[in-house]
Amino acid sequence: DTGVSQDPRHKITKRGQNVTFRCDPISEHNRLYWYRQTLGQGPEFLTYFQNEAQLEKSRLLSDRFSAERPKGSFSTLEIQRTEQGDSAMYLCASSPFGGESRQFFGPGTRLTVL
Amino acid sequence: GDSVTQMEGPVTLSEEAFLTINCTYTATGYPSLFWYVQYPGEGLQLLLKATKADDKGSNKGFEATYRKETTSFHLEKGSVQVSDSAVYFCALSGKGAQKLVFGQGTRLTINP
Numbered sequence: 049d050t051g052v053s054q055d056p057r058h059k060i061t062k063r064g065q066n067v068t069f070r071c072d073p074i075s076e077h078n079r080l081y082w083y084r085q086t087l088g089q090g091p092e093f094l095t096y097f098q099n100e101a102q103l104e105k106s107r108l109l110s111d112r113f114s115a116e117r118p119k120g121s122f123s124t125l126e127i128q129r130t131e132q133g134d135s136a137m138y139l140c141a142s143s144p145f146g147g148e149s150r151q152f153f154g155p156g157t158r159l160t161v162l
Numbered sequence: 060g061d062s063v064t065q066m067e068g069p070v071t072l073s074e075e076a077f078l079t080i081n082c083t084y085t086a087t088g089y090p091s092l093f094w095y096v097q098y099p100g101e102g103l104q105l106l107l108k109a110t111k112a113d114d115k116g117s118n119k120g121f122e123a124t125y126r127k128e129t130t131s132f133h134l135e136k137g138s139v140q141v142s143d144s145a146v147y148f149c150a151l152s153g154k155g156a157q158k159l160v161f162g163q164g165t166r167l168t169i170n171p
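If you're matching them up, the sequences are chains W and X in order.
Going by the working numbering, the letters in the first sequence line up with residues 49 to 162, in that order.
Going by the working numbering, the letters in the second sequence line up with residues 60 to 171, in that order.
Since the hints were derived computationally from the structure, they do not count as laboratory data.
Where a beta carbon is used, it is the ideal one built from N, C-alpha and C, also for glycine.
Some hints here could point you the wrong way.
Some chain W residues close to chain X (C-beta under 8 Å, calculated; not the full set) [stated by the list, open to error]: (1) Gln89; (2) Gly90; (3) Lys105.
Lysine-lysine pairs mimicking BS3-like chemistry, simulated, CA-CA at most 30 Å apart [unchecked claim]: (4) Lys154(X) <-> Lys119(X); (5) Lys105(W) <-> Lys154(X); (6) Lys59(W) <-> Lys105(W); (7) Lys136(X) <-> Lys119(X); (8) Lys127(X) <-> Lys111(X); (9) Lys154(X) <-> Lys111(X); (10) Lys105(W) <-> Lys108(X); (11) Lys115(X) <-> Lys154(X); (12) Lys119(W) <-> Lys154(X); (13) Lys136(X) <-> Lys105(W); (14) Lys136(X) <-> Lys111(X); (15) Lys154(X) <-> Lys108(X); (16) Lys127(X) <-> Lys105(W); (17) Lys119(X) <-> Lys108(X); (18) Lys119(W) <-> Lys105(W).
Make the full structure from the sequences, and use the hints.
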């Protein structure tokens with residue numbers, strides 16, 4: 049049983065650098081979500097895809113953030129010109145289409161911006 | 060906007076104690092309500108859910124009842140085990156919405 053996978057698991061970068069994270073959802077799931085979790089807080093929604101279409105974006109997703117899901121399978125989240133405030137755990141989740149679908153979460157990518 | 064408030068942690072209990080973790084919410088309409096759990100070193104997992112008023116979600120001995128009148132979804136377990144040590148998150152999904160709105164989480168530690 050392959051769950052949601054994320055790569056890398058950890059990323060350390062210097063302020064001002066660009067970083068890209070990858071998420072591979074469960075294969076039959078056509079919905080994919082990105083969340084951000086800072087220390088001691090619950091996850092906060094960033095954006096959501098249904099197949100390749102990005103249907104919702106949070107105000108948290110500044111212009112430096114961009115997410116893609118080009119073929120409706122894996123997704124990438126890029127952060128340009130990273131800032132120390134971007135340090136967080138970035139979580140990906142997926143769910144099948146329809147109803148009150150349960151979201152399955154990946155292990156997350158922990159980003160540290162020095 | 061929609062929001063979830065959980066009781067402050069951390070919570071420390073002895074094995075076999077009774078557990079309650081409070082959760083209240085603010086939302087328009089009638090959201091679906093969830094409890095997620097994050098065990099050390101693992102990703103978030105759905106523990107239980109309820110989709111309409113008076114529904115009771117249950118799993119692994121944990122229960123929570125959707126109370127519309129008090130806008131609450133408190134998590135309970137009659138006898139906790141050391142293996143229940145984890146961080147617990149209450150969350151909601153608004154009607155017609157896909158995103159989850161989470162509370163801040165409650166860290167639970169069970170001592171033998």
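So, going through the hints one by one against the coordinates:
no.	hint	verdict
1	Gln89	holds, 5 Å
2	Gly90	holds, 3 Å
3	Lys105	violated, 10 Å
4	Lys154(X) <-> Lys119(X)	holds, 27 Å
5	Lys105(W) <-> Lys154(X)	holds, 17 Å
6	Lys59(W) <-> Lys105(W)	holds, 24 Å
7	Lys136(X) <-> Lys119(X)	holds, 9 Å
8	Lys127(X) <-> Lys111(X)	holds, 9 Å
9	Lys154(X) <-> Lys111(X)	holds, 11 Å
10	Lys105(W) <-> Lys108(X)	holds, 25 Å
11	Lys115(X) <-> Lys154(X)	holds, 18 Å
12	Lys119(W) <-> Lys154(X)	holds, 28 Å
13	Lys136(X) <-> Lys105(W)	violated, 36 Å
14	Lys136(X) <-> Lys111(X)	holds, 21 Å
15	Lys154(X) <-> Lys108(X)	holds, 14 Å
16	Lys127(X) <-> Lys105(W)	holds, 29 Å
17	Lys119(X) <-> Lys108(X)	holds, 13 Å
18	Lys119(W) <-> Lys105(W)	holds, 19 Å
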